[in-house]
Amino acid sequence: MARRIIASLLLLALVLVWVVPFGGLLITSARSTKHANETGFWTAFQTNEIGYSFKTKGKEAVERIGDDWVIKGNIFDERNAADQDLAAQNNEPKTFDIHGSVARFGSGAANPDVAAPGETIDIRDGQFTLHENGDYTWVFETEYTKSGKTIGVRVAHPPQFGLRNYKRAFADGRIPNALINSFIVTIPATIIPVMIAAFAAYAFSWLQFPGRDLLLGIVIALLVVPLQLAFIPVLSIYANLADWAGDLSASLGWCSGQECDYPAKTFSGLWIAHTAFGLPLAIFLLRNYIAGLPRELMESARLDGASHLQIFTKLVLPLSLPALASYGIFQFLWVWNDLLVALILGPTSDLVLPIEIQKQIGTFKSELERLNASAFISMIVPLIVFLSMQKYFVRGLLAGSVKGG
Amino acid sequence: MSALTLQNIDKVYGKTQVMHDVSLDIEQGEFVVFVGPSGCGKSTLLRMIAGLESISAGTLFIGDKKMNNVPASKRGIAMVFQSYALYPHMSVADNMGFSLSIAKTPKQEIKQRVAAAAEILQLTPYLNRLPKALSGGQRQRVAIGRAIVREPDVFLFDEPLSNLDAELRVSTRREIANLKASMPDTTMIYVTHDQVEAMTLADKIVVLRDGRVEQVGTPLELYDRPRNSFVGQFIGSPKMNIFGSGDLAVQNWPHHNTGIRPEHLEPATPKTAIVSGTLEFVEKLGEYSLAYLRTATGCEFTVKFDRSINHAIGKELHFKADHNNLHQFDSKTMLRVD
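Heads up: the sequence lines are chains L and W, in that order. Throughout, the numbering used here is defined as the position within the first sequence, counted from one, plus 797. Throughout, the numbering used here is defined as the position within the second sequence, counted from one, plus 434.
What the hints contain is simulated information worked out from the structure, not anything from laboratory work. Be aware that one or more of the hints could be misleading.
Only pairs whose alpha carbons sit at most 20 angstroms apart, straight line, appear in this in silico SDA-like list of lysine to any residue [said to hold, decoys possible]:
id: 1; chain 1: W; residue 1: LYS538; chain 2: L; residue 2: PRO1179
id: 2; chain 1: L; residue 1: LYS1111; chain 2: W; residue 2: SER535
id: 3; chain 1: L; residue 1: LYS1111; chain 2: W; residue 2: LEU564
In this text the structure is predicted, and so the values were computed from the model without any measurement.
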């Protein structure tokens, strides 16, 4: 009983460890800059007091009422209208409207906590009254000739969410591009190693050839080679290859001058690198699974006249689908989230999503919500892949450990 | 012409020789059973015939063609595996038609031949099911159906009944016997460790031990005239009693062991008895009872009584046997002496 409670608590802790940051990211990405910067995401569902500075109208709005010169307006409406105009001018999506009620206000941006709504304070020799709904009146005894004044207001702001950050991320063009680049890198870099590894795993399990076990040992030993070790040699190989191909094309007259400078860092280079780094684990996992298929099945197929290729395509491939899928998910997640390999071996102009996001951190340092929207876009893809193939994943991981799994 | 001939077949794994100089002639249409204790090489021999194991030395003929290096699929054989080895992701019909589709047989013909085989095996209602939706007996029939569809010259069965429960085993055994009867020209080779299956199914039994053929013959030949004490003890249940020359009351055969089957020992008076022993244990099986006894010289033996026996444990009992039912084996070579 006690063990079950501990296990449940542990599970709960694990779930929280994963779900809380995910929720935080999602919530923050749906908030306005002001909200995201000033209050934590865990307060997003309650009314928060947030300090704003508003500019009142000035001399252009003065009216003569009785003996007084009066300026009237609503701080929220004026500000929202101005923000929307600005967004429209910049071709940006609609901004978050400020709404809510005035909690306290003061005569300057630095002291928003002087008066309660409905109270009157003295600003520039005028009687300034701000009501809860944002309506204000500013009454002077002599004619007011200056422009508006910035006042500090503490607004009790109800929860507010919107898709502005996502619209901005997509409107930008760089995130959708990076998304497409990421797919261009990830899909071949997943399918190629899975296919090669499936063939290799079959050969290592069911074909007899000299040096088989030694070769398998070498392949598995490659598991411990660190990725970083290979960057510089691989990059220099790519560079030499590009040079050589350029020279060859030039000498054949296929191109001239600058056209012959083939890039060393390309998508195909990334596919090859990810395939090479992924293969040892892929072969190891798939061989364990495929070697566990019943021998009599293969023998029966041989008696039925099937060649090795037919046994592989008609029997082994369909039967090892769970293992293929589970390794495919591994490789997809790894390549999708990879920053290092893409940074060093990937194309310098067509960036993949992790690099693009890394660059945005510099550009939009103060706009946490915008970065979070980009991050969420990059997270949601592997999440969909994982959830849709989760059934295979669980079954595939058990493969080899439990017989018949 | 023999359907299948083995000439001096050896099988060597590394330095271990597992089959020794096996020679055998199998006539067309014969039902041959390889029988022997586990590890005797009977499955290896079958797999060598099938082409799943290489032949280290000797020659295998199927019909009049030498088959040593012919691939398994070209030998005109079909095999039913112990574990059925059905393709789990294919329907029953696809399982049965797999070999034909590999051979690029026209779809219409595949369908006909599968339907015909399914008819024989009463599998027609299950053709679209996956193997996992079938019972053990049905799976076994699919495995047999897969073999039938190929219309082989030689059928190979590798312990096909050992995964079935006792009741199903008896009924499937009868189905296999019927199948054989319906295909009189097809040769069948059947491997089992169960001497009851061997006795009931076989036209010809091949008893194997440690990679050597001990005896080849019809079931009754093996029962009546075992070539050595091993065959004598292996064929027949409960197994044959073997007495040393000192264990018997008569001393006619000083260098022989004498084998007497439990069912051939009859109660006798002390004067007429050839063997006497004290009763140690009784198994009452209703139809008959088995008594386990020990002679004064310490040799254990078994006697089959018609029905229950009422003697107390520890009592000394005396038995005689018809002279024709005594089997004499040389005490050194264990070979039959007539």
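For this session: Sort out whether W:SER535 lies within 20 angstroms of L:LYS1111, counting only the CA atoms.
Result: With Cα atoms ~11 angstroms apart, L:LYS1111 and W:SER535 stay inside 20 angstroms; holds.
Exercise. Between L:LYS1111 and W:LEU564, does the CA-CA distance stay at or below 20 angstroms?
Worked result: At roughly 16 angstroms apart (the allowed maximum being 20 angstroms), W:LEU564 and L:LYS1111 satisfy the hint.
For this session: Take the C-alpha atoms of W:LYS538 and L:PRO1179, compute the straight-line distance between them, and say whether it is at most 20 angstroms.
Result: Since the Cα atoms of W:LYS538 and L:PRO1179 sit roughly 42 angstroms apart, the hinted pair is violated (cutoff 20 angstroms).
Hint 1 from the earlier list is the only one contradicted by this structure; the remaining hints agree with it.
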